[in-house]
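Novice: Listed here are the chains, written in short residue letters.
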Amino acid sequence: MPPALGQLTIKRIIIHEVPRHLRSDTKSTPTYSEVESPLDAQLKMFFKEKVIETVGSSNAYDVIFDAASTSPVPQSVRELLSGKKVNFVDVSKMIAKHLHDAQGGASPGGLITVIDCALGVRKAVGILKLEKEEGVRLRQTTHRGLRTFDVSYIRDLILTRKTKLFKIGFFYPPDGDEGDPSGTVCDEQRGYNPRIEVASFFLSDFLGCCLAEDPRISTKRFFMSAQDFFNEQIEDPVARTQALMHLLSELTNQKAKVNLKDFARDHLPTQKRQSFLSHMEKEGFRAHTIVKNLELIESQTRKMALEFQNGVTVVGNREAFEESVKMDSTPDGSARVEITGRLKKVKGK
Amino acid sequence: MSDLSDARARWMAEEFKYDKLQKRVVALLKEKLRSQGLFSAVIVGRAKGMSNLLKKILKKGYGYDKVTDKAGARVVVKFRHEVDPVLKLVESSFEILTKDDKGETLGHNKVGYSGVHYDVRLAAASEEADVQGLQCEIQVHTLCQSLWAEMDHELSYKPAQPIPEDLKRQIYLLNAQLEIADRDFSVISKEILRLPGAYTMGLLQDLERHYYRFTGETFDSALSLQILENVLPSYPPDDRNMISVIIEEFVGANASKLQSVFGDYEKIVDRPLLLFQPESFVLFERLERDPHTLEEVWTKYYPREELKRLAIAWSRPLD
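Protein chains in written order, with my numbering: chain Y, 1 to 349; chain B, 1001 to 1319.
FYI, nobody ran anything at the bench for these hints, they're computed from the structure.
Below, a list of computed lysine-lysine pairs in the BS3-like style, where the Cα atoms sit at most 25 Å apart:
1) B/K1078 - B/K1190
2) Y/K272 - Y/K282
3) Y/K93 - Y/K44
4) B/K1099 - B/K1030
5) Y/K44 - B/K1267
6) Y/K44 - B/K1257
7) B/K1078 - B/K1110
8) Y/K272 - B/K1308
9) B/K1099 - B/K1017
10) Y/K97 - Y/K123
11) Y/K261 - B/K1300
12) B/K1190 - B/K1030
13) B/K1257 - Y/K123
14) B/K1023 - B/K1056
15) Y/K282 - B/K1257
16) B/K1168 - B/K1059
17) Y/K44 - B/K1308
18) B/K1048 - B/K1060
19) Y/K255 - Y/K303
20) Y/K27 - Y/K132
21) B/K1048 - B/K1030
22) B/K1308 - Y/K261
23) B/K1023 - B/K1078
24) Y/K272 - B/K1300
25) B/K1017 - B/K1032
26) B/K1032 - B/K1020
27) Y/K93 - Y/K27
28) B/K1267 - B/K1030
29) B/K1308 - B/K1267
30) Y/K11 - B/K1267
31) B/K1102 - B/K1168
32) B/K1017 - B/K1055
33) Y/K11 - B/K1257
34) Y/K84 - Y/K44
35) B/K1055 - B/K1023
36) B/K1308 - Y/K257
What follows is a list of derived Cβ distance ranges for each label pair:
37) B/V1042 - Y/E232: 55 to 63 Å
38) B/S1244 - Y/R155: 38 to 46 Å
39) B/V1042 - Y/D236: 53 to 61 Å
Quick caveat, the model's predicted, so the values are computed rather than measured. Idealized CB from N, CA, C, for every residue including glycine.
Chain Y extracted, bound-state conformation:
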């Protein structure tokens, strides 16, 4: 999540319409605005709230510009954040044109909204993509004699849910202001389709970004940090073991991502939820969504172990634990484990 999101101020907004079209249709072009949309305080506040709600949500994830990408968006964002005099309208048109050229006939028409904003005294840029329902027509108006879209129309689209998708890329200078901008991306599509690829059209082809941290590394860090938390903060042996089983189950299910807030809410006792999230923040998980890749922890997610202070260790497959191991706690805080199964072998170690 970007720092100081509470200090967000919306300065300018411009909207361009990108029609649905076939790649072979060389005549199709976006409908451009020639000037920013007029904004009043209410509309500025609406967009401020919408950006905070999405970029600050646990569904957002940190991204960086992908050096290998050919998208012109990273360069456009760098220019807008540079503080140098840039033609906002022209840069935003280039972003809309890129979306138009990059997407094929399978993609629905949409609206690109570029927001020039600030986080306190630092510049920031938001790029929103709305995919509106077919048949919803947009009318242009004029402002100072130039064509533009009425931004209240976008608000109404969002409020009335006549838009199918709401995606945003939000970019801001990095800590220390040196180097490439930092970014946060939120995609409301997440969750509807568990198999959706995060390296989506929006993230990579359009925005020219990739995840800030290699998913293999972030998944391993999450796995280790969560286990540390269970072992250090959950005293009850049954609750601790259950938390581990939920963690393993969450990591190995079909979903592409783990949401830390959802995990805390669904699997941890109420009084441990906030401390879990605080622990994760301290461990560097600024975004609450982790894109899963088990490559580095494959074997550790298949088995689990219970280590006792008296030197006894119980190891087994997770599925076998679920089926054959029962645990309860005794009044003095010890754990009692009952294993049911046919004895296969005994051996000295």
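Fit chain B to the known structure of chain Y by using the hints.
Specialist: For chain B alone, kept in the frame of chain Y given last:
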């Protein structure tokens, strides 16, 4: 030039300065009193009218410079126990030239007006250079004292003929009754704070103190009490008697963010319903420290949507 025409000419030249001075004094008093939680105090000010000034000079027989109440401010508090904190605040905020405690002058065996009057100047560090050396009178009294002073003035000084001694005595007996009422109201208000459920009321009073630092908007106190009662269980049991302290620290640490949130939404019509309510500090604090428990407790009584909007305003969105 006679004293009166001299005074008239000087007042015409200087009235705007005294008017500016009284406005500055009133603004300072409001700001300081609110920051101390003395939000029920009514503060008014005025620059003396030309004819009243001239009549006073004529009646008292002294010169223009001797009139010390050319600018004046009045602080009226509801309860007697609120007077002392106001006096301390006046004494620490202005340069005090004279202090006249009318009650002390009366002694224990007489009744009469017992407000406290100060002649003050703005403190040396003030930015108001053009009114820097000018004098302003500040009166501090309770609602009962104010009522008696008004009625005494109305009844004793307006009639063309001096009123009979017996009627005067009746006016003073009423003063004694009002002083008893004044003392009793103070005792009752303190007793109320010791009743069951009064903890929430006391907490609300503490929250109000913070609230008026950031906004002057009115709020629904019955709704505040209801919401506070319902969300207090979102605090761990050990913290429930320390919420005022927790909020005090929270507001101190987040003052600039609070300032900007209240400022940003001040002119917005479609805004979170609960933002301009003093319990918003409790909700912000919980959103920051333990949003899960708050959400669980909140949704037992109220729509999630309202908490969601408040959370966005605090830039800690719920999912």
